[in-house]
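Engineer: As a plain string of letters, each chain reads:
There are 6 protein chains.
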Amino acid sequence: MKYIAQLTEGERINEIYLCRKKQSALTKAGKPYESLMLQDKTGTLDAKIWDPGSLGIDDFDELDYIAVTGDVTSFQGAYQLNIKRLRKAQQGEYLPEDYLPCSDKDVDLMYEELLGFIQSVRAPYLRQLLESFFVQEEGFAKKFKFHSAAKSVHHGFVGGLLEHTLGVTKNCDYFAQAYPMLDRDLLITAAIFHDIGKLSELSAFPRNDYTDEGQLLGHIMIGAEMVHDRAGEIPGFPEQLENELKHCILAHHGELEYGSPKKPALAEALALNLADNADARMETLRELFENSDGTSDWLGYSRIFESNIRRTGEI
Amino acid sequence: MKYIAQLTEGERINEIYLCRKKQSALTKAGKPYESLMLQDKTGTLDAKIWDPGSLGIDDFDELDYIAVTGDVTSFQGAYQLNIKRLRKAQQGEYLPEDYLPCSDKDVDLMYEELLGFIQSVRAPYLRQLLESFFVQEEGFAKKFKFHSAAKSVHHGFVGGLLEHTLGVTKNCDYFAQAYPMLDRDLLITAAIFHDIGKLSELSAFPRNDYTDEGQLLGHIMIGAEMVHDRAGEIPGFPEQLENELKHCILAHHGELEYGSPKKPALAEALALNLADNADARMETLRELFENSDGTSDWLGYSRIFESNIRRTGEI
Amino acid sequence: MKYIAQLTEGERINEIYLCRKKQSALTKAGKPYESLMLQDKTGTLDAKIWDPGSLGIDDFDELDYIAVTGDVTSFQGAYQLNIKRLRKAQQGEYLPEDYLPCSDKDVDLMYEELLGFIQSVRAPYLRQLLESFFVQEEGFAKKFKFHSAAKSVHHGFVGGLLEHTLGVTKNCDYFAQAYPMLDRDLLITAAIFHDIGKLSELSAFPRNDYTDEGQLLGHIMIGAEMVHDRAGEIPGFPEQLENELKHCILAHHGELEYGSPKKPALAEALALNLADNADARMETLRELFENSDGTSDWLGYSRIFESNIRRTGEI
Amino acid sequence: MKYIAQLTEGERINEIYLCRKKQSALTKAGKPYESLMLQDKTGTLDAKIWDPGSLGIDDFDELDYIAVTGDVTSFQGAYQLNIKRLRKAQQGEYLPEDYLPCSDKDVDLMYEELLGFIQSVRAPYLRQLLESFFVQEEGFAKKFKFHSAAKSVHHGFVGGLLEHTLGVTKNCDYFAQAYPMLDRDLLITAAIFHDIGKLSELSAFPRNDYTDEGQLLGHIMIGAEMVHDRAGEIPGFPEQLENELKHCILAHHGELEYGSPKKPALAEALALNLADNADARMETLRELFENSDGTSDWLGYSRIFESNIRRTGEI
Amino acid sequence: MKYIAQLTEGERINEIYLCRKKQSALTKAGKPYESLMLQDKTGTLDAKIWDPGSLGIDDFDELDYIAVTGDVTSFQGAYQLNIKRLRKAQQGEYLPEDYLPCSDKDVDLMYEELLGFIQSVRAPYLRQLLESFFVQEEGFAKKFKFHSAAKSVHHGFVGGLLEHTLGVTKNCDYFAQAYPMLDRDLLITAAIFHDIGKLSELSAFPRNDYTDEGQLLGHIMIGAEMVHDRAGEIPGFPEQLENELKHCILAHHGELEYGSPKKPALAEALALNLADNADARMETLRELFENSDGTSDWLGYSRIFESNIRRTGEI
Amino acid sequence: MKYIAQLTEGERINEIYLCRKKQSALTKAGKPYESLMLQDKTGTLDAKIWDPGSLGIDDFDELDYIAVTGDVTSFQGAYQLNIKRLRKAQQGEYLPEDYLPCSDKDVDLMYEELLGFIQSVRAPYLRQLLESFFVQEEGFAKKFKFHSAAKSVHHGFVGGLLEHTLGVTKNCDYFAQAYPMLDRDLLITAAIFHDIGKLSELSAFPRNDYTDEGQLLGHIMIGAEMVHDRAGEIPGFPEQLENELKHCILAHHGELEYGSPKKPALAEALALNLADNADARMETLRELFENSDGTSDWLGYSRIFESNIRRTGEI
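Chains as they are written, first to last, in the working numbering: chain D, 1 to 315; chain X, 1 to 315; chain F, 1 to 315; chain U, 1 to 315; chain A, 1 to 315; chain W, 1 to 315.
Since the hints were derived computationally from the structure, they do not count as laboratory data. Do not take every clue at face value.
As the list claims (entries may be wrong) - Chain F stretches covered by chain X per the calculated footprint, using a threshold of three residues with CB under 8 Å from any CB of chain X: (1) 161-171; (2) 234-247; (3) 253-267.
Claimed, not checked - Okay, derived cross-link-like pairs now, PhoX-like style, lysine-lysine, Cα gap no bigger than 20 Å in a straight line: (4) W:105 - W:145; (5) U:84 - U:21; (6) W:84 - W:21; (7) U:170 - W:170; (8) F:84 - F:41; (9) X:145 - X:41; (10) A:170 - D:170; (11) U:28 - U:41; (12) F:170 - X:170.
Idealized CB from N, CA, C, for every residue including glycine.
Turn these sequences into a full structure, and let the hints steer you where they fit.
Structural biologist: Following this line, the structure appears as structure tokens:
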């Protein structure tokens, strides 16, 4: 496929893109037209349909994948697509991965690795709780693999929730062997569930935006509720164990001002908070480096890190 | 009954007190004895059983109401009870109100007033949710009337949860008529439920201390979960309405650093936060004045109010 | 009258507007012209006088109401008025309310209500102090009714100071009956005077901007001084009462970092702070909703509330 | 005179001390006695009157200077005075300086120096305002020389207000020559007036404690009011100048959270804040060194300086 | 050996203890005596030499190991040793480990492990720098193995600096494999050096207290200086590499308010900060659990963790 | 010379400017050209070389002083220089002072004054240390006189480091006579060295930007290291004195959150912090006034001073 970043002025294209935004407007002369923002994984492109009612222009909605025919022009220093023909693309005609930011890593392999961690949990109730989501729930694996862990910031891409969850789980696994006082089963389970509320806090791609529920409750509360509801379906699930697990989820941001209603009171909650923080910060930094234009080692002041950031030189 | 504050040195008493604490110890000579802390609503009293195995001393536990016979002595400037005989008192022999700090107001009248507010809620799902707890749940009214709203600080007495809930609800009622943009039904419902999680966060009197669940989850999370579980039992309860109500509960502390995982995003959540804060602060101040010894108008520096506090003079 | 929001390109108008700003400039060709910003309550309009010295253009100043004749043109996507004739309008030709943001409520009714509260104050010195401003001082009522309570933020409109003062007073009235320890006379008086310093901190409409005195001293200090000076004119006004009243004014922002030089030390100062905060925040939120374009329930992140804000749904 | 620090067990004394505290009590046997705390500048002494009604014991009150005859005994490791005879001392029999903490410096010389600064102010209204207090007001000089600048912390001794005022004024004088943009007359005047409100915020020695007015209003507000009232008595005193001067007083703590209702907006207000802070901190440190027992160079953690503090070694 | 915790009243002992403190005093009768505090790893013991000049009492100093003969008595509820004979013990007569808090882990094995990490560093200058301290410097290994990492808080025991350094290094090693963008050589080197300044900030055991240099400069500055001085002795050590390494040391506390003069600007500095924080917090929690008396799962409010802390239950 | 601020449209100029920035670009037609930013002390000017390869255009680099011939045109409301001929200027052809912001004061006189302070230091090691930099080091005086004290903020001009250092030293001299407990020699030495690290933290003019070392270590650490290295070259320099001096440098920002790794623990460190802060803030304010356009006394909100700032009126 011809990616947006590869387009050149003057060429005629015939391609499928994701329609990110769609707005109706009037020309100065009072004639209606449509203004679109098209997207693929390499960037976005302004596009116009000057003749919305014409024969070749089918109906479509925002967030549809659309097959367009048109000419690449230039307007005020940026490219613009003048659309002549348009139809909704069928599933199968396109690969969503071409249109969305994606994890660099193999999503299926990561899910396998996560299942391995689940199988290493020996406490039966925790194991059952984990499997009820990750193994037994229809469609869960697919949804979990596709979700992002953020609207922007770190891991805001397809597979991001899985990649972050796995990163935190591995870090917790390291902690469990380094600090023997930790209960590995509780810690691994908490790590795997810690951001599960993001499945409802953020809508799925391509929208990947906060839901109404997400804004009102937040993924911490939603995640604790998901675990609570499911544990309630497992006969005999110990109440104290449910509370400890929910506590780890509630406290994983570490500080009240970061949205945790409780500070860590258990060693596992503290370890989860440290692991989550480490994975989030390292990935945030990685994305900062990745997105820099490379003209300078010093990347400029980062508000997140409250410092000018620099690549380390060759040693 | 003869209250602890009324005892004088040398008298023999025959009275029922609450046994707040109980510890076994050894005299210097190596002889075992029992050291107790007795309590009624006027204060506490140190007591000793020098002969724990003797005939007149029955078995009992901490937090039992016990009938004791003994002599009031003085040790290092404080009274001490030398217990000769002891037995567990039967329910009916004593009034818990004599042993616990209580609201100045009539608990039953306040509950009536609260039911009046419930009947003023016209939105059917909210009304049903309220009634399922306050009207239909067996034993709920009794438990709610007896509970405190805090371990110490404000409203830390029998009936305190009810008094505070009613105070907040009335303040919200005022807001609803003063600021017409507020949805009165949602606001009144949220006010009545806002601290319901305290029923599980704090154990009932006479213990009135944080429970394990309370420390791990906190009354905000517990309250939201109680509402969630009950709403799930009401067919057709709208998900958005449940989320709005839970949001009000989650956000009622107003700031993340005060333990709310979300800041108020709805007008009703903001109003609830303002009403809760006002009732809590006014009552905290009232208790400060009540507990001062009255020797000076200026009460000294209060850490809660970050100021020296003074009674207002006669005008 | 033809409001600015109703103008269309190409029409010739003959209307009175408020001249908010006036600047002399030179065209590229070096010819002098005048650039104005006109205002009415529906918005602002850029205007040009290309021929300042011509016959039909009379003298005028910034903040004058001016009668203009001219053509509506369009420049860089915005309307512009090309002024042909201009004269200062006479008082009586226009209604200031048409040109300034105004309270939705009836200003005279609100003042009546405030006078009712004043009459309810029974402590003679406080009553006398209140009446010396609100009843006896020539021109005070007119000035007080016309003033805003802010340059922007909440209650920044004609009648805003009165509306906010009344809102706070009513809330204090509620507190006085809900919490009997409060001295109602002191509290009501403090509520009515709490923002009186804004009469000098902000210049009157149409300017409605910080005065030199306002920036140097602030309305808290100015208000306390106004009360001090007037109390000094009332023979026998008790010094302690004056200090208590001034304390309420000084402390009404509640926190040192919000500009109060003292934290509340009296119950009435605390109640006033709670009432002021509640009225300010509820009105701020109301204005946020009112000014939103209505395209979405979620209004976006509000820096004041540190949260995305949303309208409550229909229940 | 025989100072408290010089007493030895067993001696009979006949001396005048300040009676700092006085309390009536009962012996275990139920006999009334008086318990006093006596004070001179070297320390305090516990004293008892076992026979309050006896012939040689005259009437007296707390904070009286009293002539006592009695025996020095020892009780629980501390000296105690057993008073046999007691009468109120007459003014003239004692020197207050012997009983109160005093400035090391000559109070009269310092006042002379301050008058010199006043004479250096050339702006007539400011000069007149200064002289109306420091030169013309009857009793002002005496009061100002005797006052402290604090209840405890820095300059909490007789002459402390004068010493601190002079220190700040000198520092401002340095600033005025170092930074020519400063208006020396305004700055010197503001420096001399900056803490004048302490005359009312703190009661005079020997009490030296916060007054009711002081707690309700604070010395910043009181000082601004004093300047306001006096300026009002000087015909033609320019309003803007009064506001600038009051602004300097209001802003001299530099930060809202330190009790200034306004941050410095004028260069002179900034300079005054810097000078005040420098003199206060240097003196606080000096008192810390002076009060240390000298056993170690490191004095231990100081909460004011948030650091362990050490004397500088010999270089 | 007979440990302090094992002593019983009335026995005569003949044992070596560490003399933690030594003070000369006078009895009430004016006779000189010596008051000592003796220490071993199980606790401390008050001791008296009532006849300091007698034959059997040799000269000795604070922090000497002393062989004492004496009787165990009881005074005000605590044991006291009445010393009859005393001499300084010779090195070899005692094991310092018996007298000081020690790491639970094998110090020599940990040092071996650390050397293994040093050998894994491939960048020649960094390797040389590490070896110059840990391998080549005479006496360094002994000193490093014996040092603590804190006066109190976490790792405040013999071997503590080594145990913490190794813990941080291992965590960094984990990060280096989990986040490939990290330069492992720089990160491992920085981890090993990060707290090296504690060798001078804290005096060695048994004193283990802040040195003058430590208080004036802090271990961060001292550590950077040690690395700077040593790098200056290695011909050709790249200046940029030295700066990166020093930056990691300077920034390892992560926040300015925790004493780092720079926030992390390099990925390795960030990783080191995360690893240091994780090891410090996990160990702090471990020590909290270890030092609790075990009567309750909830250990009470911890100021460090700003939460009540609880052991996790059996799962 | 013809300054940039004096250029008019249409003239041809022949002048030397500093080339601040240089970028290669392509016209829409694909033809390469050079885009420059020229600078003198009156401002900056956009310039283009449309024919980079032509005969009259010599080679040059960013930050070269270049002699240009060209025409002043106007583009989008700003002047632009169309360069026809260009060559690198020779040293001697231009005065750097014409191209860079400079101190208003005489740099040589200020250096003399600083040397006077150095000669007033009587402690031999400190005197020797000072002279080793300011008197004996080749090229040091020239470098120190030319350096700025900041990239922007206060004293960000040629001679700024010297001017600020002298201002702080004078203020410290005032403190030394006002507060006799201060050790003048240590204080004056610390004042002179306090910002010496800026010589490496910032590159010299015309670049005047943070260096790599500056960003990684900061001027506080660099300055302490410079003093450490030099003291190491002076035989017998007392270690304690070096530590005290380095402490003053480390602590001169006064607060950890301002980048000092230690809070002031010595009186001299505290005095230096106060002096540095005073000079920095007064100069910052002076520059604010200087850079204002003078249309209003109130300059608008200053984020540094957290206040609207105003010039003081004529008194």
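Engineer: Tell me, which hint numbers fail for this structure?
Structural biologist: 8, 11
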